[in-house]
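S.K.: Spelled out, the chains give:
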Amino acid sequence: MLAAIELSWYPSLAELGWFAPELALVGTIVVILVAPLILGRSGLRSARIAFAGALVTLLLSVRLVEQVGGGGISGLAPESAAGMLILDKLTILFKIILMLFLTGVTALWVLGSSEKEENGEEFFVLMIGSALGMALMTSTLNLLMMAVAIEAASLPSYAIAGFDKRNRKSAEASVKYVIFGGVSVAIMLYGISLLYGMYHTLNVAIIAQGVANDLAAGQNTVLISMSLFCVLGGIAFKIAAVPFHFWCPDVFEGAKIEVTAWLSVASKAAALVLLLRLVDAFNIGAMVAGHSILTYNGLAWGLGVLAAISCTWGNFAAYRQSNVKRLLAYSSIAHAGYMMMLATIFTLPGTTTSGKPMAALMIYLIVYAVMNLGVFTVAAIVSWQTKSEDIGAFSGLGRRAPWLAVPMVCCLVSLVGLPPFGGFIAKYWLLLALGSKMAETSLAPLSWILIIVVVINTLISLFFYFRIIRTMFLSDDQLPALSPPFLGTAMANLCAVLLLLFGVVLINEPKELADRYTGDMYKPTVVLTSKDVPINAPGDMQVARSVDESDAMQIPALGGAQ
Amino acid sequence: MIAPKQLVRSIALLTTIATFVLSLWLIGPFLGAGSADAAGMIDIFGSSYGEKLHFVQRADWITSKNFTIEYFVGVDGLNMPLMVLTSFVGLLACLASWNFESWKVNKGIKGYFALFLLLETGMLGTFVALDFFLFYIFWEIMLLPMYFLIGVWGGARKEYAAIKFFLFTLAGSVLMLVGLVAMFFYSSEAVTRYASLATSYRPDVGVLTTGTFDLIELATNQAIQTYFNATDTYFLAKGLQFAPLMFMFLFVGFAVKLPAFPVHTWLPDAHVEAPTPISMILAGVLLKMGGYGFLRLCYPIFPAGGHHWAYCLACIGVISILYGALCAMAQTDFKKLVAYSSISHMGYVLLGVAVMTDAGVQGAMFQMIAHGISSPMCFFLVGVIYDRAHHREINRFGGLWLSMPKYGTMATIGFFASLGLPGMCGFIGELWVLLGVFAARDTFTWAVPMAILAASGVILTAGYILWLIQRVYLGPSKPEHAKFPEVTGREMLILVPLAALCVLFGILPKHLLFDFTNGTLDLIVKTMAAAPERFGSLAAGL
Chain A
1 MLAAIELSWY PSLAELGWFA PELALVGTIV VILVAPLILG RSGLRSARIA
51 FAGALVTLLL SVRLVEQVGG GGISGLAPES AAGMLILDKL TILFKIILML
101 FLTGVTALWV LGSSEKEENG EEFFVLMIGS ALGMALMTST LNLLMMAVAI
151 EAASLPSYAI AGFDKRNRKS AEASVKYVIF GGVSVAIMLY GISLLYGMYH
201 TLNVAIIAQG VANDLAAGQN TVLISMSLFC VLGGIAFKIA AVPFHFWCPD
251 VFEGAKIEVT AWLSVASKAA ALVLLLRLVD AFNIGAMVAG HSILTYNGLA
301 WGLGVLAAIS CTWGNFAAYR QSNVKRLLAY SSIAHAGYMM MLATIFTLPG
351 TTTSGKPMAA LMIYLIVYAV MNLGVFTVAA IVSWQTKSED IGAFSGLGRR
401 APWLAVPMVC CLVSLVGLPP FGGFIAKYWL LLALGSKMAE TSLAPLSWIL
451 IIVVVINTLI SLFFYFRIIR TMFLSDDQLP ALSPPFLGTA MANLCAVLLL
501 LFGVVLINEP KELADRYTGD MYKPTVVLTS KDVPINAPGD MQVARSVDES
551 DAMQIPALGG AQ
Chain B
1 MIAPKQLVRS IALLTTIATF VLSLWLIGPF LGAGSADAAG MIDIFGSSYG
51 EKLHFVQRAD WITSKNFTIE YFVGVDGLNM PLMVLTSFVG LLACLASWNF
101 ESWKVNKGIK GYFALFLLLE TGMLGTFVAL DFFLFYIFWE IMLLPMYFLI
151 GVWGGARKEY AAIKFFLFTL AGSVLMLVGL VAMFFYSSEA VTRYASLATS
201 YRPDVGVLTT GTFDLIELAT NQAIQTYFNA TDTYFLAKGL QFAPLMFMFL
251 FVGFAVKLPA FPVHTWLPDA HVEAPTPISM ILAGVLLKMG GYGFLRLCYP
301 IFPAGGHHWA YCLACIGVIS ILYGALCAMA QTDFKKLVAY SSISHMGYVL
351 LGVAVMTDAG VQGAMFQMIA HGISSPMCFF LVGVIYDRAH HREINRFGGL
401 WLSMPKYGTM ATIGFFASLG LPGMCGFIGE LWVLLGVFAA RDTFTWAVPM
451 AILAASGVIL TAGYILWLIQ RVYLGPSKPE HAKFPEVTGR EMLILVPLAA
501 LCVLFGILPK HLLFDFTNGT LDLIVKTMAA APERFGSLAA GL
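Here the protein sequences line up with chains A and B, keeping their order. Quick note, the first sequence lines up with residues 1 to 562 if you use the numbering used here. Quick note, the second sequence lines up with residues 1 to 542 if you use the numbering used here.
Incorrect hints may have been included.
Have a look at the derived ranges for each label pair, beta carbon to beta carbon [as the list claims (entries may be wrong)]:
1) B:V105 to A:F486: 29 to 35 Å
2) B:K65 to A:W301: 25 to 31 Å
3) B:L326 to A:R320: 36 to 42 Å
4) B:D387 to A:V505: 50 to 56 Å
5) B:S47 to A:R320: 28 to 34 Å
6) A:R320 to B:T265: 20 to 26 Å
7) A:K165 to B:V105: 56 to 62 Å
With a Cα cut of at most 20 Å, we get these calculated EDC-like pairs of lysine to aspartate or glutamate [claimed, not checked]:
8) B:K52 to B:E189
9) B:K65 to A:E512
10) B:K107 to A:E389
11) A:K387 to A:D476
12) B:K478 to B:D333
13) B:K104 to B:D358
14) B:K526 to B:D358
15) B:K238 to B:D204
16) A:K387 to A:D250
17) A:K165 to A:E118
18) B:K107 to A:E509
19) B:K65 to A:D515
20) B:K52 to B:D515
21) A:K165 to A:D250
22) A:K165 to A:D214
23) B:K510 to B:D522
24) B:K104 to A:D390
25) B:K110 to A:D250
26) B:K65 to A:D477
27) B:K104 to A:D477
28) B:K478 to B:D387
29) B:K510 to B:D387
30) A:K169 to A:D390
If you're looking for bench data, these hints aren't it; they were derived computationally from the structure. Ideal Cβ placement from N, Cα and C applies to all residues, glycine included.
Please put together the full structure from these sequences, using the hints given.
M.R.: Written out as C-alpha cells, the structure reads:
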C-alpha cells in the first residue's frame, strides 16, 4: 500500500494550478496572520482580507471551469477515484457557492462584531480554515482524505463556536460540539478501518464493488452494514441529521450569530455533497461489478428513513422554540433532511436521470444559502439592536423596521417553500428528482413516500415560520423603532429580491447551471490521481479500465501518501 | 411606497375599475370570436373540450430537456364568467374599503391596498391559468395576502383565524403538489408507452413525446387519459389505483377551498374576523376556486376517479347543504350565519358536479356565479350594520327597517336571493342541481333520496333566513338603533348593482350565464360520461 507512490514526486506548476482555489484560501490565512505583524492588529482589516481572499478564490474557481472543459476532471469512475482529490465541475460549483456565502458571512461579521471583537484575525483564520476543510470534503472519494477533510472542517468550527469567550453558553456550545464531533469522527474512523480491513483499500469506488459483490453473495452483511453505518454516522453528524443532531441547537444558540449562519449552511452543504458523492460511487461500484443498483436497496431505505425522520423531527421541535437561533437550528435540521432525501435516488450513469439528484441538491443549496443569509441577517440585526434573541424581540417589526420585516417575510415564506419564492422552486426540483426514478427501480414507493413526507412537512413548518411573521406584523409590544444599518438592510433585501427572482423569472438558470456543473460527474476524462491506480486492489477485484490511458492526464495525488 | 397616502385608495379603485372594464371588454370578442359557419351560427365552444380557447397567451417559461412549463392562459366557457365575477367583486370590495380610515385597525393603508391588488392578481391568475404549474403558483400566491389581510386588519381573534385559513388551504394544496409531480411523471410514461395515441390537441405539437403540465393536454390526450384512468395503473403500491387516488389528492385541496364538510371549519372563523371587503372577496371569489378546480382539473383529467368517488362526493355535498343550514340556524352572530349559509350553498355545487349530469354541472356553475353575487351582498349588508352598531349579535337588533328603510329593502333583496326565491339568482342554481340529481337516477341508485334531502335544505335555508330577517329588520324599532344613519351613497353604489344582478340572473339565466358556460360544460360532461366505457384495464389491451 505504502510503496505505491514514487517519493521523488514534486507537483509542477500546472498541476498546482488545479489546486489554485484551495491554495488561495491557504494564502489568505497566511496574509491574515502576517498582516498584523506589519500593520498592527485590526479586525476590520482581517475581514477585508478575508473578503478579498474569498473573491480571489471565487475567481480562481471560475477560471478553472474552462480548464476543466468538456468532460471535467472527474473522479467517479473507479479508476479515477483512486486519487486523493477529485476536481470536477461539481467541486468548482460548490466552491463558488461557498465563497459567495463566505463573503456574506464576512459582511455580517463586519456589521455586528467588528467594533467589539478583539480577535478578528484569529476568527477569520479559523473561518477560512473551516472553509478549506469543506472544500476538500466535497472533492474526495478516498476514505482517509474524507476523514482528514471532515476534521479540517470541524476543528476550526469547534473553536469559532466558542469564540464568544465571555458568554457561558458559547463555551458550553463549543465543548458540546467538540465532544459530539470527536465521538462521531472516532466512530467514522472505526467504520473506515473495518472497510479497509475487508477490502484493503481506501478507495470508495473499489470498496463499493467489493461491497456489491459481497452483498450479492450474501457474505459479510453484518460487518458491511455496521461499517457503512459508522461511516454514514460521521457524515450525518456534520449534516446534523436526526439522531446525530443533538449538538446542533445548543451550538447554534451559543455561537455568535454569524457563526451560526455559517454552520447552518456551509458545513451541512459540504457534508451533503460528500454523502451524495459517496452514494453515487456505491451505485457505480455496483454497476461496474455487474450487479443491479438494487443491491443497495437497504442503504436507500436507511437513508430515506433517516431523512424523513430528520425533517419531521426538526419541524416539530422547532415549533416549541422561543430563541430565534434555536428555531433556525431546527429549521436547518429539517432542510438538511429534505436534501438528504436526494441521497436515496440511485441512478445509473448514462441514463436520463443520472446527475439529477446532485443537480437538485446544488439548486437547493444555492437557494437555501440565500434564504438563510437573509434570515440570519435580519435576525442578527434585530438581536444586536435589542440585545435579545427571543422571538419577542421581533414584535411589531413591521412598524419598527419595515425594510427588515418585509425581506424577512420573503425569506421565511421561501423557507416554508411557497411560491412565488425560490424555496418553492428548489423544493419543486427536489420533488421532480425524487419522482424521476419511478420508471427505473423498485424503489419508486420509497420516493413517493418521501415526496409525501416533504409536502406534509411543508405544512408542519408553516407553523413556526409563521410564528415569526405573526410576531412581526400581527402583534406589537410598542417596542422602540430600530435603526438598521444600511449594509445589513441592503443585504437582507438583496436576498429577498434574489429569492423572488429565483421563484419567478430565473427558474431555469439555476437548473441549467446545476445540470451543467453536475452532468459531468459521470464522464471521467481527466484524472487527478496518483500514478499507480488501482493500488493493491485484491486480485478478484481487478477493475476494467475503460478510460484510454493516453486521454487521461495523470497527475499525482496532492499530499497523498498511501 | 411611492404614492402619497391619500392617493392610495384612488389608485386602487382606478385599477380595479380598469380591470373590470377590461374584463367586460372581453365579453364581446368572446361571443363573436368563433367564425360563423355556413348556417350563420357562431360556434364559440368547439366540438371537443379544449378545442376553442379564447384570448390564449402562451410563452415558454421553464424549459427543460424533458418538459416545458408554459405561461399559458386562456378562457373558455368555464372560466370566462368567473373571471368577470372576480373583477366585479374586486371592484365592489375596493369600494367597500373606501372607509378604511374609520376602521378599528386603520394603519398601513398602503399595505392594505397593495395586498388587496396582489390578491386580485392571484385570483384572476388562478382562473385563467391553463398550465398546472402556473395554476399552482397563482393558487399559492393568494395565500399570503389573504393571511395578512385577515391577520392585520381583522377582528379580535384575527391571528387564529388567519393562520387557520392558511393551514387548511395549504394542507389541501400540498397534496395537490404531489399530484402535480405525479401527473407529470405518469403523463411522460403514458406518452412513451402509447405513442400511437399521443396526438396532441395542438396542431403545432403533433404527437406529444414528453410529460406535460398543460391542463387541456392532460384532459384531451388519449394516451394520457388511457393510462391515467386505467384500472391497473397504480400509485405507490399495487392495488392503489392512480385515477381515484390522484382525484382525491386534487379534490381535498379544492374541497378545503369550497369549503365542503368536514374541512369547512376555517371558513366561519375567517369570515367573522376578516374585514368586510375581504369577506366579500372570500365568499364571492375564493370559494368559487374550489368548484372551478373540480371542473377544470379533477373531472376532465380523472373521469374514472369521478365515477369512483361519485357516491362519496354526493354524500359530502348533501351533508354540507344540511349541516351548513342547520349550523346557520343556530348562530347568533350575524356574520357567522352568513358564513355557514355559504357552506350550505356551496354544497349544491359539489352535489351538482358529483352526479355528472348536464343539468347538475350547469346548476353547479350557475350556483357558483349566483352565490358570487348574493354572498358578497350579504356580507356587505352585515358590514354596513356593523359599522354603525359595532356588534353583530342578531338578537340585539330589531326593527332596523324602520330606521333605515333603504337598507331594509336592499337587505331583503340580498337575503331573498340567497334564500333561493324564484325569480332571484339563487333559485336557478339550486333548481338546476336538483334537476341534475333527478336526471341521474338511472345510473345513480340513491339519486332520488339525495335530491329530496338536498331539496329539504332549501326549506332549512328559508327557515334561517326568514327568521333572521324577522329578528333583525322587522319588529318594533329599538331606541339604540333609531339614530342609525341611512345607507350612504357609496354604500348604495355597492348594493344597487348587486341587487340588480340578483334579480336579473333570476329572470334571464340563459342570456346572462347559460349561453356563456353551457357549451363548455356539456363538453366536459360528455367526456366524463363516456369514461366507464372508455377506460378499462391496460393489461386487457386497448
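S.K.: Decide, hint by hint, whether the structure agrees.
M.R.: Verification of the supplied hints:
1. B:V105 to A:F486: 29 to 35 Å: 31 Å, holds
2. B:K65 to A:W301: 25 to 31 Å: 29 Å, holds
3. B:L326 to A:R320: 36 to 42 Å: 39 Å, holds
4. B:D387 to A:V505: 50 to 56 Å: 43 Å, violated
5. B:S47 to A:R320: 28 to 34 Å: The hint (28 to 34 Å, Cβ to Cβ) is violated, given that S47 of chain B and R320 of chain A are roughly 60 Å apart.
6. A:R320 to B:T265: 20 to 26 Å: 25 Å, holds
7. A:K165 to B:V105: 56 to 62 Å: Between K165 of chain A and V105 of chain B, where Cβ atoms are some 46 Å apart, the hint is violated.
8. B:K52 to B:E189: 27 Å, violated
9. B:K65 to A:E512: 10 Å, holds
10. B:K107 to A:E389: 28 Å, violated
11. A:K387 to A:D476: 18 Å, holds
12. B:K478 to B:D333: 18 Å, holds
13. B:K104 to B:D358: 47 Å, violated
14. B:K526 to B:D358: 8 Å, holds
15. B:K238 to B:D204: 37 Å, violated
16. A:K387 to A:D250: Since the Cα atoms of K387 of chain A and D250 of chain A sit roughly 19 Å apart, the hinted pair holds (cutoff 20 Å).
17. A:K165 to A:E118: 11 Å, holds
18. B:K107 to A:E509: The given pair, whose Cα atoms are some 40 Å apart, is violated under the 20 Å limit.
19. B:K65 to A:D515: 11 Å, holds
20. B:K52 to B:D515: Holds, at roughly 15 Å.
21. A:K165 to A:D250: Holds - the C-alpha atoms of D250 of chain A and K165 of chain A are around 16 Å apart, at most 20 Å.
22. A:K165 to A:D214: At roughly 51 Å apart (the allowed maximum being 20 Å), D214 of chain A and K165 of chain A break the hint.
23. B:K510 to B:D522: OK: K510 of chain B and D522 of chain B at ~15 Å, within 20 Å.
24. B:K104 to A:D390: 29 Å, violated
25. B:K110 to A:D250: 41 Å, violated
26. B:K65 to A:D477: 52 Å, violated
27. B:K104 to A:D477: 18 Å, holds
28. B:K478 to B:D387: 17 Å, holds
29. B:K510 to B:D387: 37 Å, violated
30. A:K169 to A:D390: 15 Å, holds
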